[in-house]
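Which chain is which? The protein sequence lines are A and B, in order.
Mapping of the first sequence onto the numbering used here: position 152 corresponds to residue 152, and the numbering continues sequentially without gaps.
Each position in the second sequence, counted from 1, maps to that position plus 343 in the numbering used here.
Calculated from the structure, these hints are not laboratory results.
Any given hint might turn out to be false.
[Unchecked claim] Among chain B residues calculated to face chain A with C-beta under 8 Å, some are:
hint : residue
1    : Gly475
2    : Ile533
3    : Val536
4    : Asp539
5    : Gly573
6    : Gly577
7    : His603
8    : Ile612
9    : Leu614
10   : Gln620
11   : Leu621
[Claimed, not checked] List of simulated lysine to aspartate or glutamate pairs, DMTMM-like, C-alpha gap at most 25 Å:
hint : chain 1 : residue 1 : chain 2 : residue 2
12   : A       : Lys162    : A       : Asp328
13   : A       : Lys60     : A       : Asp46
14   : A       : Lys63     : A       : Asp13
15   : A       : Lys63     : A       : Glu32
16   : A       : Lys63     : A       : Asp46
17   : B       : Lys476    : A       : Glu249
18   : A       : Lys21     : A       : Asp51
19   : A       : Lys21     : A       : Glu32
20   : A       : Lys101    : B       : Glu592
21   : A       : Lys63     : A       : Asp93
22   : A       : Lys133    : B       : Asp613
23   : A       : Lys136    : A       : Asp210
24   : A       : Lys21     : A       : Asp172
25   : A       : Lys101    : B       : Asp469
26   : B       : Lys479    : B       : Asp515
27   : B       : Lys444    : A       : Asp126
28   : A       : Lys136    : A       : Asp172
29   : B       : Lys444    : A       : Asp104
30   : A       : Lys133    : A       : Asp172
31   : A       : Lys133    : B       : Glu592
32   : A       : Lys60     : A       : Asp13
33   : B       : Lys444    : B       : Asp356
34   : B       : Lys476    : A       : Asp270
35   : A       : Lys101    : A       : Asp126
[What the hints assert, rightly or not] Some chain B residues flagged as far from chain A (calculated, every beta-carbon gap over 10 Å):
hint : residue
36   : Asp359
37   : Ala362
38   : Lys364
39   : Leu383
40   : Gly387
Every residue, glycine too, gets a C-beta built ideally from N, C-alpha and C.
Number of protein chains: 2
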Amino acid sequence: MQINPPYLMFLGDVPDQLAAKTAHGIVDWRAEWCIGQMRLPGCGADLHLADMTIAEACAKGAKTMIVGVANAGGVLPAHWASSIVAAIEAGMDVASGLHMKLGDNAEIAAAAARHGRQLFDVRHTDQRFATGKGTKRPGLRLLTVGTDCSAGKKYTALALEKEMRTRGFDADFRATGQTGIFISGRGVAIDAVVADFISGAVEWIAPAADPGHWDLIEGQGSLFHPSFSGVTLGLLHGAQPDAFVVCHEPTRTRMRGVQHPLPTIQQVIDLTIACGQLTNPAIRCVGIAINTQALDQAAALHVLAEASAKHHLPAVDPVRFGVGAIVDRITAEYPASTRTKTH
Amino acid sequence: MQINPPYLMFLGDVPDQLAAKTAHGIVDWRAEWCIGQMRLPGCGADLHLADMTIAEACAKGAKTMIVGVANAGGVLPAHWASSIVAAIEAGMDVASGLHMKLGDNAEIAAAAARHGRQLFDVRHTDQRFATGKGTKRPGLRLLTVGTDCSAGKKYTALALEKEMRTRGFDADFRATGQTGIFISGRGVAIDAVVADFISGAVEWIAPAADPGHWDLIEGQGSLFHPSFSGVTLGLLHGAQPDAFVVCHEPTRTRMRGVQHPLPTIQQVIDLTIACGQLTNPAIRCVGIAINTQALDQAAALHVLAEASAKHHLPAVDPVRFGVGAIVDRITAEYPASTRTKTH
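Assemble the whole structure, with the sequences as input and the hints as a guide.
Shown next, in the form of structure tokens:
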């Protein structure tokens, strides 16, 4: 899927900011694509964008209405449909992160067919994939992995894209989850792919590229998470990364949603290398990204210094201190990276 | 899904025995369920069962017509539909291993609705699964793993079920692929499950059981196969096996469908234990199953003796010499196994 910006952000009447988490992520990373927000009476979320009507958004060039909100059950409230239909009639495509497909609403499906507009359901994919082949492809690839789910893998990959582009690298973020797809306008929700095609889908997401080009691939789950490890291993083998960054949340004691303790950073490094060598014998760890939000400045710096010394790797908090030290390491270790690209 | 025997085996007019491989597998393991075969003019396959009409099969008590054949593209030939409709009208359910769903044929769907019969598409599942939790469940579990795909994992699990039941163990084969589902009448084609639910589906296939009961779970793929490793790891974590058997084909040099060399048996043992400990710290290897079909008797015995000595494990060819030595090991190592069950 290729979702075309600029975006009109539709928030419906969700009760709070948390329900608009995906929309906030899009604004954080692609403010230049988000030309306004549209809210229904009673909406408790606010992206701090200009409120505008569909006509106003179209006048400003909006190409796609983004339904970047979550609601109980993932269904589309019936009273949102008229706004979506109006956007389609005004010439916009519509992209949604709800579990329920847009086209399952008869009015929306009919409007899209009538006006020849595209409906994107980023949690789903109609793309047919081949099974993965594991054959080495040209181009450089970095995968973010984690000691757990929700440990900063998407944020780290996006921060690396931004910093590497600033320094002239030819680098592209590759989305494997819904928020990442909205942010990059393309990608596949890898956890929604049929199991046989996990690695094949990743080979499609991060295809052969120029030898000096970097794909910065958003990781999912953890090799140590009993719910999602299969997704993580298929993603690792399909991504065939040259480099990986371990993402970690140091105050967590149990993995999300289960009773299992977090693995150590060293365990994640070791198992990622042991498994990753199957499709890229040169795989190595180039950094550690630690979410220090729960720590004060001194404690955060201490945790990072300790991790760096222990693992002989740059250790950063991408949000608090940036990923510069990891990009320094990439610069030193991959001299063949293309540095002439201007973004 | 719970497919009810006895079965009438429908072979259509497939050109040769290979196209009826699934049907042959069912007859090999569940001859007592297969009361006859039905073939159309020109059929090149033969299960060496009595040829019979639908009326004759019904008179003998057939409950389900099995479409256990493969054909180019996995679609249902239009001229097979009338036979399937006739079976439904005679009171049978129908189960198919084709890629195309039975219900996608309008005549078949209408007949099933009209007569209240069930249609089973064993490559698909409508079952909704939870994500895996990785919590230890009561009961004993054995998983067959492999150095590659198609290395004898299903056969070994079925042979273990047969031998263990003969010796009075309370043991059930758990199917994760289409042929296994027909053979056991239930199961889930695990490679067709959405990626997020691989381990959750396995937790559903092999649920909590009596402490002395054995689930013998059919493995899929290999942790070292770049196409399917995600399925294999999710299956390992969901199965949380106490014991595993490594299946190997010694004359193969490359993994099926890809360019990668086969891993060694030791590599498979080591990585299976390293990963499997996440959901069962007591996981251990209890045997090696080697397909010696390509070797003469002396060479086969030599390969087995060598593997046994090297790994300090029973090494058998389940087809040629049976799995008795592995069941001896299980008997010795798991004294809490229930041995009072009569099958």
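Each hint, compared with the structure:
no. : hint                : in the structure
1   : Gly475              : holds (5 Å)
2   : Ile533              : holds (7 Å)
3   : Val536              : holds (5 Å)
4   : Asp539              : holds (4 Å)
5   : Gly573              : holds (3 Å)
6   : Gly577              : holds (3 Å)
7   : His603              : holds (6 Å)
8   : Ile612              : violated (14 Å)
9   : Leu614              : holds (7 Å)
10  : Gln620              : violated (10 Å)
11  : Leu621              : holds (6 Å)
12  : Lys162/A / Asp328/A : holds (14 Å)
13  : Lys60/A / Asp46/A   : holds (20 Å)
14  : Lys63/A / Asp13/A   : holds (22 Å)
15  : Lys63/A / Glu32/A   : holds (13 Å)
16  : Lys63/A / Asp46/A   : holds (21 Å)
17  : Lys476/B / Glu249/A : holds (21 Å)
18  : Lys21/A / Asp51/A   : holds (18 Å)
19  : Lys21/A / Glu32/A   : holds (18 Å)
20  : Lys101/A / Glu592/B : violated (45 Å)
21  : Lys63/A / Asp93/A   : holds (6 Å)
22  : Lys133/A / Asp613/B : holds (24 Å)
23  : Lys136/A / Asp210/A : holds (13 Å)
24  : Lys21/A / Asp172/A  : holds (23 Å)
25  : Lys101/A / Asp469/B : holds (17 Å)
26  : Lys479/B / Asp515/B : holds (19 Å)
27  : Lys444/B / Asp126/A : holds (17 Å)
28  : Lys136/A / Asp172/A : holds (19 Å)
29  : Lys444/B / Asp104/A : holds (21 Å)
30  : Lys133/A / Asp172/A : holds (22 Å)
31  : Lys133/A / Glu592/B : holds (21 Å)
32  : Lys60/A / Asp13/A   : holds (23 Å)
33  : Lys444/B / Asp356/B : holds (19 Å)
34  : Lys476/B / Asp270/A : holds (24 Å)
35  : Lys101/A / Asp126/A : holds (12 Å)
36  : Asp359              : holds (25 Å)
37  : Ala362              : holds (21 Å)
38  : Lys364              : holds (19 Å)
39  : Leu383              : holds (31 Å)
40  : Gly387              : holds (29 Å)
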